[in-house]
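Undergrad: Keeping their order, the protein sequence lines are chains A and B. The first sequence begins at 361 in our numbering and counts up by one. The second sequence begins at 361 in our numbering and counts up by one.
There's no promise every hint is true.
Distance windows between CB atoms, simulated [unchecked claim]:
1) B:R501 to A:H627: 36 to 44 Å
2) A:D601 to B:D535: 43 to 51 Å
3) B:N567 to A:R401: 46 to 54 Å
4) A:D619 to B:A575: 40 to 48 Å
Okay, derived cross-link-like pairs now, DSS-like style, lysine-lysine, Cα gap no bigger than 25 Å in a straight line [claimed, not checked]:
5) B:K503 to B:K653
6) A:K503 to B:K563
7) B:K634 to A:K563
8) B:K563 to A:K634
9) B:K503 to A:K563
10) A:K634 to A:K503
By construction, these hints were calculated from the structure, which means they are not laboratory data. Glycine included, every Cβ here is placed at the ideal spot set by N, Cα and C.
2 protein chains.
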Amino acid sequence: MIGRLVVVGLGLIGGSFAKGLRESGLCQEVVGVDLNPQSRRLAVELGVVDRCEEDLAAACQGADVIQLAVPILAMEKMLGLLAGLDLGQAILTDVGSAKGNVVRAAGEAFGAMPARFVPGHPIAGSEQSGVEASNARLFRRHKVILTPLEGTDADAVATVDALWRALGADVEQMDVGRHDEVLAATSHLPHLLAFGLVDSLAKRNENLEIFRYAAGGFRDFTRIAGSDPVMWHDIFLANRDAVLRALDTFRSDLDVLRDAVDAGDGHQLLDVFKRAQSAREYFGRILARRARKDTMNVNDDQKEAQS
Amino acid sequence: MIGRLVVVGLGLIGGSFAKGLRESGLCQEVVGVDLNPQSRRLAVELGVVDRCEEDLAAACQGADVIQLAVPILAMEKMLGLLAGLDLGQAILTDVGSAKGNVVRAAGEAFGAMPARFVPGHPIAGSEQSGVEASNARLFRRHKVILTPLEGTDADAVATVDALWRALGADVEQMDVGRHDEVLAATSHLPHLLAFGLVDSLAKRNENLEIFRYAAGGFRDFTRIAGSDPVMWHDIFLANRDAVLRALDTFRSDLDVLRDAVDAGDGHQLLDVFKRAQSAREYFGRILARRARKDTMNVNDDQKEAQS
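Go ahead and model the full structure; you've got the sequences and the hints to work with.
TA: Below, the structure written as structure tokens:
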């Protein structure tokens, strides 16, 4: 049980975190902060928070936990503002999609990384956005990765861990660098390739007629190129080094594959495709298992609701 | 109305072509040819064809149209065998995913490209395969691209066009080179990238634990890496030159994107991502429109069935 939770940034992620914890009954009070007056009004109307503040200092007074859910490039400025406040024993945490840059910014803002700052990243999202899309179940069965440093307070980690678990998330801990590398490889690089391929085709085919000949496989492949350009622009700038490393590794593997096509080396192509197919099937089974558990949970909820 | 249709190769595509035309009543007889005795038996049992032959020469006797639906790397050998037969006035056509190599092989086998050979490519498929997956509606509202040459007989083109339209396909004509370029860009290159990325990740993460952190967007992106490795091996060898050109164009665009990430050039990243998002939405609308027409057709069929 904690007293006051403050959520800074009432978008989809911040709003869903606030709403879920408010419904959990784990917090005595959930306070929202957002620069946008309409988001503040909606957050109260929709029951996402108990109350809202426009002013960060006013909101953080007496806070036990402060969740930073602002866009990742706004994190630096926000940490600078927080460093000027008396936060008492408040635990700080965040939801940024890259962690190295947040840890660096916190170190600079506070002079050293605060022991009660627990960096975090929920691997969840939705095609919707904004506080009106807040969903108390958004994080259910989704991974949340916490990346505490050596000096991070163990109680603070345990508290943040407990909050995410209360929302149904699978919480894991990971080294900051490893987190950024894993996300660069499994999320940021695929987005860069999809954005890049679609733009590469579009700019060479002025009337876009080439897309008329693309089939369903292309739709799957490029679906993520429909994601929010501004959010992704932020992520690539925030996780620049890890993205470049992942991209360069991929490019050198792609060069080898290119040489195999060029040389007509069927054996090597077949080896690569078979390994990829097996790995893809393994990944498909992971997702299918998660989806089954989701369905079971939904059934349990329905039973609860009926009883 | 044509007399005898011969379909060589009773896989998903050949079987679906045969079954659809048999049901259309447009052909007096549909004859199947396949090396596999079980495929021949099933094709007759499932009503895919009227009868089957093991021997190509026996099957092609008295044929009006011969559809080559063998794997693309088997096309060369098949054309060599056909060149040794007396085909009379039979029209030849094929379903290969690349057209330049088929045209080249036909020219070599026959001494010159036969005037009554109409190269074709249905852009359709399914996760299932084999004659037992034959589906008379597989080509409905799917594009079929015919790539006749200058010397191709106009009547032969009209006949092949009419057969595909009878199956509900949208038939278009395209230059051989343009076909191979369009398919390399919208299908072959995305497959190469997806196979390449999944294998690149898998071989650097021995226990595949990295896939546990991948979310749904990665699933979409890599779904096509679950495709048949042997078929794709064939396609990359068959369409080698166009694939290499598409890949090299993409690689140079990707290099520019890499430099923008490296330089922290947010404006350029945002421009690329926004253009890609618009093009992706345009493509999404094309597919949605096709899907709506499909639904309307299904409703019409249901009405027909009820009346």
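Undergrad: Each hint: holds or not?
TA: Verification of the supplied hints:
1. Checked against the given bound of 36 to 44 Å, the beta carbons of R501 (chain B) and H627 (chain A), roughly 38 Å apart, stay inside it.
2. Range check, D601 (chain A) to D535 (chain B): Cβ separation about 45 Å, and the 43 to 51 Å hint holds.
3. A C-beta distance of roughly 49 Å is found between N567 (chain B) and R401 (chain A), which places it inside the suggested range of 46 to 54 Å.
4. For the pair D619 (chain A) and A575 (chain B), the beta carbons lie near 32 Å from each other, so the given range of 40 to 48 Å is not met.
5. A hinted pair counts as satisfied when its Cα atoms are at most 25 Å apart, and K503 (chain B) with K653 (chain B) qualifies at roughly 14 Å.
6. Between K503 (chain A) and K563 (chain B), the direct Cα distance comes to roughly 23 Å. Compliance with the 25 Å bound is thereby established for this hinted pair.
7. Taking the CA atoms of K634 (chain B) and K563 (chain A), the gap is near 12 Å; set against the 25 Å cutoff, the hint holds.
8. The suggested pairing of K563 (chain B) with K634 (chain A) holds, with an alpha-carbon distance near 12 Å, which does not exceed 25 Å.
9. Proposed proximity of K503 (chain B) and K563 (chain A) is supported: the alpha carbons are some 23 Å apart, at most 25 Å.
10. A distance of roughly 29 Å separates the Cα atoms of K634 (chain A) and K503 (chain A); the hinted pair therefore is violated under the 25 Å criterion.
Checked against the numbered hints above, the structure violates hints 4 and 10; every other hint is satisfied.
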